[in-house]
Structures are given as C-alpha cells and as structure tokens.
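K.L.:
Given the sequences, and given the hints that come with them, work out the whole structure.
In UniProt numbering, the protein residues as written are 1 to 1175.
Treat the hints as calculated values from the structure; they're not laboratory data.
Watch out, some of these pointers could steer you wrong.
Unchecked claim - Think about it this way: if two alpha-carbon atoms lie no more than 30 Å apart in a straight line, the pair counts; the simulated DSS-like pairs of lysine-lysine are:
{"id": "1", "residue 1": "K590", "residue 2": "K261"}
{"id": "2", "residue 1": "K662", "residue 2": "K71"}
{"id": "3", "residue 1": "K662", "residue 2": "K607"}
{"id": "4", "residue 1": "K629", "residue 2": "K662"}
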Amino acid sequence: MVNATSKEVVPVENDEEPTILCIVKDETTVDRKQNNHTVNLPASTLVKDLYAYVAKQVSYVEDTFLLVWNKFIGGGNEEVVLNDEKAKTLQEVGLAANGKKNNFLIKDKDGEQPKKTKENDDDDSVTGSVTNLFQSNSSTSSSYYSSSSDSYTLGKSETGFVGLVNQAMTCYLNSLLQTLFMTPEFRNAIYRWEFIGNEDEAAKSIPYQLQKLFLHLQTSSKRAVETTDVTKSFGWDSSEAWQQHDVQELCRVMFDALESKFKNTDQDDLINKLYQGKLKDYVKCQQCGHESARTDTYLDIPLAIRPFGSKQALGSVEIALKSFVTTELLEGQNQYFCEKCNEKCDARKASDCIDGLKFLSFPYLLTLQLKRFAFDYATLHRVKLNDRMTFPKYLNLEDFISEDLEEGTNTVQYLSTLISIYDVKNDADEDANLKGDSPSTCSTETDSGVSEGCSDNGTSTEEDEVDNSSKGGSQVDGATASKKVELTEDMCNGDLAQDMKGPYWYELFSIMIHSGSASGGHYYAYIKSFTNGKWYCFNDQSVTKASDDDIERTYGGFESSRTYYSSVYSSSTNAYMLMYRQVNPERNCKFLEQCDMPLHILELMQKLKKQEEDERRRKEMERSMCKIKIFCEHPQSRRIMEQKLEIHKDTTLKDAVSVAHKLFHLEEFLPAEQCRIVKFDEYYDYIERSYDGEEDNPIGKVLNGVKQSYMFDLLLETRKEDERFKPYKPGGTTVKVHVVQLEKEKVDPYVNVRPLLSSTVGDLCDLIHEKFNLPVDCMRVAFEGSYNDLKLLDNPSKVLKELGFFKNNRVFVEASDKEEDVQFKDSKLFKVLDVFQHTIQLFVLLPDPSTKPSEKLVRVDKRITLGKLKEILKSDVGCAPEFFRVYRVYSNNQEIEYSKLTDPLTSFSDDSKIRVKYSRALKKGEHQLKIFLLNPTEKEPYKYFCDWIVTDGMSVKQCKELLQPEICQRCGIDVPVENLRMRRKNWKNPAAVYVDSQVFEDHIQVYASFEVFLEILEGPELMTSTDQLSVYVRHWHPSTITLDPPKEVVLQDSVVDELKAAVSKLGSVPEENLELCKGRGHFPCEMSVLEIHDECDWSSDLTSLRASPLLITDDGAVVFFRDKTEKLMEITEEKKQEIIKKENAKSNNSNTRIGKFSYKERALKIYTDDNRPSN
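P.N.:
So this is what it looks like as structure tokens:
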C-alpha cells in the first residue's frame, strides 16, 4: 500500500490493484481557490490514511472535522460519515474503483469550524478585545473560551472574529452591526447601558439585544451567530428578512430607535454625542453684506458622485466635500429679496438645496454616504453609478470649517490646499478618476440618503437639485485633488496622533460596500481593527483579512461595455458608506477589559455562556439521535399510521420497538411483545427485510449510523397472539392476499405474505395455505398485473419474478372448487374481482341544516355516472337529486362542481372527498354558464353579471331572448334582443362571437365553470356568420401622445386590405400612410404612452392577418394603427415624469398594469414601545 503524501496522483506499486479516485471539497471555508483536493489511492488504503492526508492538505487538526462520502444510491445521494470507519479500507467501505469519481465533503464537526494546525498559524491572530478579552484565570474555566496559549480559535475563522448569519437579505444589517461592534465608543456605551425589565420586555429592547449580540460576537466559539433576536426587537417578522434595504437608511432609522430607548438613562443623547455635527445654511446679500442663516444638525454627509447633469465624476471625497459647500450666485430672475436693503439683490445661495452650507462642527464619528444610486431620465430607470471615487485613510477637515472659506474662494485654488497624509495608489492614472459606466444624464436620488437640507429639529427636507455647472463655483478636475503629502516611515510606524495637530484629523475605519446593480445586490464591509490596526472583510458568515488592494478596488471606475439594459442591471462593486473616527488620543477609547465590565454585562456573559453550552450539548444530543419515518398498520382499523421516530443511537432495537409501540398508542390493543421493527419502503409499500437476531444491537448500528436522511423507512409490524413472526430475507416481495368469498360475492381485506422473488407459484400457494388454512388442491390464485389486468396463476412451477412480481403485488385467492370447467374470463370469480377493482371509497360531506355537515363513507363502482351517484345519495341527503349539487373537494380545499349527470366517476380515486349542497341542481341536458358584461370603452371593461342555465339544443338566439328581460331589469335599460351579443371569454379577453344560429352542445361545447361575455351593442348585431372576423382597433396619435379607445371593425373576408380600408376610413388616415401593430397585454391592451411609438412592432407591409406581426386567429384581437407621417411630439423630462406618475396612479387604482416601472421596496421601519404594532 502506498500512502498519499501530496496532491498528486499516488502511484500504485501493484499494477493489478484497483485505485480509488477521491475528490474532496471543503465546505467549511469560503476560499474557493483552495477548497478542492484530488487524490488517487490504492483500494487497500485505510480510511484513516485518507483522513490524515485530507487533514494535512487543508491544514486542519485531525478529529476536528467530518469527512463525509457523498454516496450515490439509485436516484439520490446518501451522506456517509467516515470518521467512524477509519479501520476499514476504501474498498471495504464501498468506494467505486478504476477511474470512477468518489466525492467527499469536509464539514463542521459539532457545529464548530475545524481547528487550524499550529504550523498554519501566523502572527496576525487577533488578540486583546477580540479573542482573549474574557479569558478566565481560573483553572476551572470552561473550554467555551479559548486560552491565550491556544494556536487556534474554536469555531471562528483564523482572524479570530465571528461572522453574522444572513437571514435571507439582511446583509445590509450585518455590515452595519459589525461596524458598530468594531467601534469602541459605541460598543462600550452599549455595554454600560443596563436593562431593567422582564423577559418579554427584554425581547423588545433593542439595546439589550445589541448587548447580547455584541457579547456573542466577542465571546462565541461559533463561526457565525444569528441576528434574529435583534430583528425581532425591531418589531420585524420573518418577511422583513426578505426585503432589500439601504444600509444608510437603516443607520438613520436604528439610531432614531436607540435614541428613543436611551431617553432618561445614562446614555441619553449618545447618538448625537458620537455622530452629530452642525452646519450653517445661509444666504448672504452681495450689496449690504446682510446674512440670513440657520443652524442645522446632521448625522451623515451625502456626497454626490457627479454633479447633476455632468458627464464628469467628482473623483474623490475631498472634491465631493468641496462640491457640498460650493455657493451659487442668485441673480437676474433668481435674485434674493434682502430684508435689510428692502429690495431684490444679488446674493449667494446654495446651487441646490444643500449648497451654500458651512460646517460649524464635525462629529467625533463622521459618516459619509457616497450617493451611487440615481435616476436616468434618458432610460427612465434607476441606475447605479460606478464612477471612480477615491477616499483617504486619513482625512484633514480643518479647511472645511475655516471662516476663510467664502463665496469668492476659487475652487481649484482651495482644493490645492487640501492635505491627506495617505497617498492612495494608482493616482498616476488621473483620467480613471473621472470615468464610469453610468448613464450620461442622471440626477442623484435623495430618498435613500440624507436629504440635501435639514430643518431646525434635524429632520430631513427635500428640494430639487440644480445643475452644478451653472453655479459660481469653478469646475474642478481630478488631477487637482490628487496632490497629497507623502507618508513618512515615522508616521506609518509611530504614533500617528503626534503628527496630526488639531481636532480635524479623521481616521477611516469602516467601508460599507455595495456589490450589485440598482435593482438589488449584496452588502459587506471592510473594517479596521483598532486593536491591531489591520483591515478585515466582514461578509456575513465569513471574516477574512483585507489588503490595501482590496480597499482600492472599492473606489469603482472600472470600464465595462454598455448596452441599453447594462446601465440598469449591470453589476459593480464599490464603496457606499464610509465611517471615520476623529484622531484624538485623549478621547479615542479602547475596548473595555473584563475588569472594567459592568456587573450586569458579566452576569449576561455568564448567562450566554451557559446558553451556548446548553445549545452545544443539545446539538450533540441531536447528532446522536436517529430520526426516521416509521409506519404501522393499525391492528383494528387497518389504517396506515405514520410517525417520526426520534431515538438515541445507543438505544437497542428491542427498546426501540417499545418506543414505537407507545408512539402509535397501541397499548390498548396489543403488547409490545407482539410487535417488531422491519426495514420498509413506503413508496412501493414493500418490506425489505427483518432484523432477526439484532434485537440487542444499538439502533444506530442497525440503521448503519446517524444520518440527516435515510433512503428507507421502518415499519412496526404486528402479529396476533397465536402467531409467530417469520424472518424476512433480502430479495423478497410483499404480496397482499385477498380471500374471495364467492357465495357472498365479497372480497376480504388483504393480509401480507412475503415469499422470495425466486419462489414458485407452488411456494406462494403453500404460504397462503399456512396463513389462511385453505386447501391447496382446489385453490385458485388470480394475480393483478401492472395495468390491473387479472391473470390466473395455474402453473405451480412458474417463478414469481418471471410472472411480473415486483416489490409489491396483489393476488386474490378462492378455494370453493365450484367452477372447475369454466374459463376464467367467464367465471363468477372474474366478475366479482372486476367489480372489486373498480370499486372506490368516497368520503361524502352531507348537508345538515341543524348543525354541521355530517360525514359518510360510500363505496361505489367508479364506472357509474354522476346521476347514479346522486340516486345513491338521495336517501342520505333527504331530498330528490334535482334539489342538491355535488362538489369535489381537493387537497387545498378548493371545491369544483360536477354537474354533468352523464359523466362517469372514473377521475375519482379511493378516499376522494365530495361535498353535497342543497340547491336547484342541473337536470340532464342542462349546463351552467357564468355571464360577464363586456363594455370595451369602460375603465374596467368587464364585470360579473349572473349565472345562467342553458340546455342541449338551445340556440344562441333563444338564450339571448331569455336573458333580455333580466338585462333590462338589472341594468335599468330597454335593449332589443338584436343589440345583444354573446361571445366566449378567454381569461380576461373577448374571444369568438357566438352567432344566433349556433346551438349549445352541437356547435358550442359547454364544460364545467364555462364563462361567456354578454355585450350590449349600440346597434343591431353585425356578426351573422362564423366566417366573419371581429377586430378592435385603437388610433395612436404621436403628435399628441394619445391613444383612442377601442372601436370594433367587422371584416367579411378577413384579409389585410379589408382591415386597412376599414381603419383608413375610421381614422381618416390614407391607406399608404397606415402602419399597424398588435396590442400587448390583456384587453383592451393598455400600454404606457411612452412605449407605444418605439417599442411596438409597427409594420405597413402586411401580407396576412394570421402572420406576424398581427397573428390574429380569433375574434377580439386589438390592433393599434397610426399615420407614419405624423411626427412624435417632443416632451421634456418633467412631462415624462408627470406621465409616469399619472399612469402609475391609474395602474394602482385598477387591475390593469400599465408599462414597466421600477419595483418600490417596502419602507424600512424599526418599532419601539411607542409605535410597535399590536400584531
């Protein structure tokens, strides 16, 4: 035997020995580049050697992971854990040899990630507050915490950090929570807050649930922890996990909720102290110098990626900040009325609702939102901007707060003074700063970011943005902002705070990234640890190291090919929100040490520790539990019962029988000694084998281990007191034996016998004789084949398998010896069996006016008609068949009426459910119609009118004559029969017109729930023959962007020229200028007027109505027509928006969908005690 020592194929010393090809995939890591390993081993290799080889390749400590063989069985896979099979060879386990692939998986053991070997560890392991904050000095401390001497962190990634489980679409939440957890000032403040209340109040307390989550992130040995308790405290249900939201919006809403909970506590005003800054919104008169101003607060600063209407991106955070405060000269018609001058004067005001601002103070924790989502007026779609936007790791904001920053300051001159001590890579490519894959004309959205203006109380206000290129400020280029001070070695390695004088230096520590398009995507975060100064990628459950190159890739700006849809659906990965912390050694905090922890946190920590230990034990117990379906045929009712048997793997098979006996509540019917468990296949209703002699073996051994799912089931078999169980060997077949009482024409319920497939008919007869004590010499056995065909087994030497016996079979046996010379097909036995095979049991729900519907089981021949069934039921219902109706009830409780008395019951099966209701039932030859009124010019073109009954042989004209008085009475109008039309209803569309001469059932086939339209015409019916064609036409006017209501055209010959002539006359358009297209959607084909002109398949060269693009095959088609010489009206962007709003409002107020508009996501809300919904 040759052991594997590398990833290469291992040579085999003995050329005759088969080899095993093993493909191993590591499911415990997200590093897809290094999670696949392949090796070719001799078949005599021990499993323990394969396990050792895999452990070495992935650098895991042995016995800290599961090696699972993905065994292919039949139509599915079975997972076989090889950890307990180490003493066996690969061949003994059952692996396929000689080039066939054997797939293996590396999985977490006991819910914890595999431990890394010492030689794989490096010096970058996280210490201090992350890994060892809560280490106990006591020798009795639980292994729940890893000690400082450990070379690995239990369950965590090699970084030492714990991830967060994504509930469904909560990546935006995970990114923000990890950022807050990695912020010392925020985490410490959360820990210092103390919760007082009961368990129900704790579940609704957001700060308390954050405390729990942060402690889990700090101390858990798991790879990732859940956030469900936090989201429940938000007042969210499970559906919120499937909603995509904006991380900046979440930040705002969650901070508001926290401030509400912190009122009147030690943490009151915490959010404002950490995240709130102040700015001044001013208008200054150019003549007298009078300044009108107000002071506003902000929690984050929204930075435009590019100015409104500009094709050029701003390129950097520094330039974007300058653009944020750039002023605008209000002159001409935009002059500002100065209260001091008492006249309109030239003044400087914001270029839009956020310019003309001055920063009065910056917060300790500065949040910058990069506004990457915009609305493209060219395509009318929401898009994502991927322009390059650089940001420094250290940012100096001193000049932004200087009083010298006035209206006359030249932008380029000012930007040249901006200093950043971190030089971002690749600044040599200046043009890259200004490139992107976004549309040419975009306005930046404000609904997901902070609004451009703030009121005095800090709430957001929205105003329209104005083109920045028209302001007094100069246009800047990317080269100007790239002037930076070189980082010195002392600044990199020494105390950075000593080189940063003043309170305006800020250090970047979190980058929240959006990967995706404007229609959706994924959030994750790059976060800097203040403990060791290294960057890490927090991507839901995964936490890995991040490099400077990774950070630089979040700038965006990579070129890509663009089509019409690429701006809408193309994906890009770039920074979306940045968080900086003020560089202030006197204020910068470290994470709380254990000795500084408040008592309530230490108590909570111990509580969580115990809960996690209990959970670990529970999961350990679950991993030792065999969970398998078990069935049992009730010894009295013969009903098949099903349960889930959950039992410890060490429980003996004998004890498992007792457990199953109690599980099915059989104590009153027979003792556990009259039961046994056998291997069973529910699908084929087939007993595979019995476990004779294994009564004292553990159930885990009997079932070949604990598995997530088993490829077989179990059956609790029962016997009578005087019977004995027979052994069932593999290879047998289950035969259901029915004894036929020929004199009574009765077939008894089946009893199972189990011969081998290799047995003969004679052997089967012997088993039947032993079971029922029937004489063998006069026994007749009829075998039911695969298509319910009956075959007499008259050759005792025939082998069962050759006769077509499979896993489950049914035979009928009779031993009266009264039909010796009669052919089987002509015998009484055949007739009795024929009736029995077609007899079904119906579960009938009968009406009872006094209480609830009563229930009754009825056995009938399914070849009888519905009329015969009603005759059978009339005595139970208590009235004649014409006064009740029969409905079939399906599994989803949907009820469908069966009304045709001549229909057989062949579609019904055993145990089908039917409901009987009192009502005037249909007589033979009667049919029920559902009638809807159709009015093509109405906003809602159709509505339900009534149910109506027609009879075989009734003409359409006769039906209309009967309906006419009902219409006049209900609608309050006097309409002649000649003005009524009936036509087929095809879902929501009008279809074939029924002419007066057509007859129901002869020409119009009526089925269950048949629906028709009834139309009131303005004049007599023009459709008199089925050869005619009814078409609705709508005139499109490009010059006014209007679409006329539908009008009907009746064609005699159904040709293109006839349609063109009719349309030309109707719309006053010359035939040579006509262009036609088929309307889209359901009747009457309402489309957005912004789409009709360019997106429909207009054509003037039509050859046939049945050919593309019209494809008219039935009455009721809708055709648009236009004059091709008529020019399309030019409309402004404002007009487009107005049209969209009107059409959206129309669409929302009706069932008709108009156009294609962007999905509107659910508003993000976090509920507190004051506004939490009652449900």
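K.L.:
Please list, smallest to largest, the hint numbers that this structure does not respect.
P.N.:
Numbers 2, 3, in rising order.
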